[in-house]
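Student: Okay, here's what each chain looks like letter by letter:
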Amino acid sequence: MVTLRTIVIAVVVAAAGVTALFWYFQSDTAKIRKQFKTIAEAASKDAGEHELTAAAGARKIGRMFAENGRIEIPAYDISRTYAREDIPGRIMGARSRYSEISMRFHDLDIRFPSEQTARVHFTAYVEAVRITGERVREGHEITCRLEQIEGDWLIHQIEAVTVLER
Amino acid sequence: MDRLKAFLFPEINYRFLIRIGLVAAVAFVCFTWVLVPFRIHGHSMAPTYQDGDFNFCNRLHYLFSDPSRHDVVAIRYAGTRVMLLKRVLALEGETLAFREGRLYIDGDPVAEPYAAANRDWNLEARTVAPGHVYVAGDNRNVPMHTHDFGQTPVERIVGAPLW
Numbered sequence: 000m001v002t003l004r005t006i007v008i009a010v011v012v013a014a015a016g017v018t019a020l021f022w023y024f025q026s027d028t029a030k031i032r033k034q035f036k037t038i039a040e041a042a043s044k045d046a047g048e049h050e051l052t053a054a055a056g057a058r059k060i061g062r063m064f065a066e067n068g069r070i071e072i073p074a075y076d077i078s079r080t081y082a083r084e085d086i087p088g089r090i091m092g093a094r095s096r097y098s099e100i101s102m103r104f105h106d107l108d109i110r111f112p113s114e115q116t117a118r119v120h121f122t123a124y125v126e127a128v129r130i131t132g133e134r135v136r137e138g139h140e141i142t143c144r145l146e147q148i149e150g151d152w153l154i155h156q157i158e159a160v161t162v163l164e165r
Numbered sequence: 000m001d002r003l004k005a006f007l008f009p010e011i012n013y014r015f016l017i018r019i020g021l022v023a024a025v026a027f028v029c030f031t032w033v034l035v036p037f038r039i040h041g042h043s044m045a046p047t048y049q050d051g052d053f054n055f056c057n058r059l060h061y062l063f064s065d066p067s068r069h070d071v072v073a074i075r076y077a078g079t080r081v082m083l084l085k086r087v088l089a090l091e092g093e094t095l096a097f098r099e100g101r102l103y104i105d106g107d108p109v110a111e112p113y114a115a116a117n118r119d120w121n122l123e124a125r126t127v128a129p130g131h132v133y134v135a136g137d138n139r140n141v142p143m144h145t146h147d148f149g150q151t152p153v154e155r156i157v158g159a160p161l162w
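Top to bottom, those sequences are chains A and B. Going by numbering that gives the first Met the number 0, the first sequence opens with residue 0, and the numbers climb by one from there. Going by numbering that gives the first Met the number 0, the second sequence opens with residue 0, and the numbers climb by one from there.
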């Protein structure tokens with residue numbers, strides 16, 4: 000006789016199986032999309048954020064970068080290489096200038112030029128409030144190159160596309 | 000009374016479901032590819048368009064024509080979820096400059112009734128590259144270095160605001 004307990008166990012086992020299958024067969028596109036969503040969430044900041052939360056967020060973002068990489072943002076005259084261990088500190092420094100940050104990534108286009116390489120093209124939209132109270136809104140078109148290292152997709156290069164050139 | 004009741008509470012049958020499906024499909028196509036709704040964030044186009052204004056981007060506006068000077072255009076980034084709203088000031092091959100806030104095209108002053116001149120705006124003459132237009136916002140009451148303006152490929156223009 001099928002008891003309620005048997006049904007509950009069967010449902011839990013089935014749910015666990017479906018979840019395990021989902022995680023195992025999660026496509027690279029879904030993984031990368033989720034990774035960028037995590038970056039946007041970790042980069043965002045609520046008013047009155049605790050320093051420990053900020054440090055944890057910065058470390059989380061840092062783990063998504065390759066050991067060494069390159070960043071090119073012509074609008075800010077930034078063109079340099081970076082080391083992974085420098086990233087959390089730089090993120091903490093940049094975020095400390097704002098009391099609130101809302102970062103969102105839109106129109107993600109993910110392609111795979113080779114098996115171990117991904118190219119992600121998207122729009123980053125930031126709304127922030129400076130410590131001085133000034134409100135800032137900025138959009139940037141960005142292209143990132145990711146490399147798959149030991150199963151993880153790590154950001155290897157960031158390049159901002161110039162939309163308006165003076 | 001029966002007709003009103005039938006209109007408000009229609010019988011859910013095969014024809015009704017087809018009608019609902021068609022309306023949904025037409026609305027999806029219209030508001031995704033033809034008239035894209037958007038909300039303005041920021042003051043770049045003030046006083047013509049204010050922060051928080053709602054509008055539609057008419058993506059068919061430049062189907063059979065090219066942007067002209069003084070047109071307000073929507074410029075895409077990676078896609079159309081975030082766009083820039085700017086005014087076309089100069090076309091390809093033209094030389095643009097700002098002197099004490101006044102716009103000069105090919106050396107001649109051009110009236111801009113939509114923008115209040117800011118005497119702090121000074122920009123050396125530059126020629127617009129082939130296939131590009133030079134755009135700026137109407138709000139010149141801000142320091143020039145904080146305002147997003149410059150030339151952009153025509154192919155980035157996705158349409159014009161409906162009003």
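A portion of the hints provided could be inaccurate.
[Claimed, not checked] Here's a subset of chain B near chain A, in silico, CB distances under 10 Å, partners left out:
1) G41
2) I74
3) Y76
4) T79
5) R80
6) R98
7) I104
8) A128
9) G130
10) A135
11) Q150
12) T151
13) R155
[As the list claims (entries may be wrong)] Now the stretches of chain A that chain B is said to cover, found in silico as 3 or more residues with beta-carbon under 8 Å:
14) 47-61
15) 110-123
Calculated from the structure, these hints are not laboratory results. Ideal Cβ positions, reconstructed from N, Cα and C, are used throughout, including at glycine.
Student: If a hint holds in the structure, say so; if it doesn't, say that too.
Tutor: Status of each hint after checking the structure:
A hinted interface residue such as G41 of chain B counts as satisfied when its beta carbon comes closer than 10 Å to some beta carbon of chain A; here the least separation is about 5 Å, so the hint holds. With a least beta-carbon distance of about 7 Å to chain A, the hint placing I74 of chain B at the interface is held under the 10 Å criterion. Because the closest C-beta pair between Y76 of chain B and chain A is about 4 Å apart, less than 10 Å, the hint holds. Look at T79 of chain B: its Cβ gets to within about 7 Å of chain A, closer than 10 Å, so that hint holds up.
At its closest, the beta carbon of R80 of chain B sits 4 Å from a beta carbon of chain A; the interface hint therefore holds under the 10 Å criterion. A least Cβ separation of about 16 Å between R98 of chain B and chain A goes past the 10 Å threshold, and the interface hint is therefore violated. For I104 of chain B, the interface hint is violated, the least distance from its beta-carbon to any beta-carbon of chain A being 16 Å, above 10 Å. A cut of 10 Å between beta carbons decides the hint on A128 of chain B: the least distance to chain A is about 9 Å, and the hint holds.
Interface hint status for G130 of chain B: violated, as the beta-carbon distance to the closest one in chain A is roughly 13 Å, over 10 Å. For A135 of chain B, the interface hint holds, since its Cβ comes within 10 Å of a Cβ in chain A; the closest pair sits about 9 Å apart. Among the interface hints, the one on Q150 of chain B holds; its C-beta lies about 5 Å from the nearest C-beta in chain A, closer than the 10 Å criterion. A least Cβ separation of about 5 Å between T151 of chain B and chain A falls short of the 10 Å threshold, and the interface hint therefore holds.
For R155 of chain B, the shortest C-beta to C-beta distance to chain A is roughly 7 Å, which falls under 10 Å, so the interface hint holds. Here's how the segment 47-61 of chain A fares: 0 of its residues keep a CB closer than 8 Å to some CB of chain B, so the rule of at least three is not met and the hint is violated. Here's how the segment 110-123 of chain A fares: 3 of its residues keep a CB closer than 8 Å to some CB of chain B, so the rule of at least three is met and the hint holds.
Hint check: violations occur at hints 6, 7, 9 and 14; the rest are consistent with the structure.
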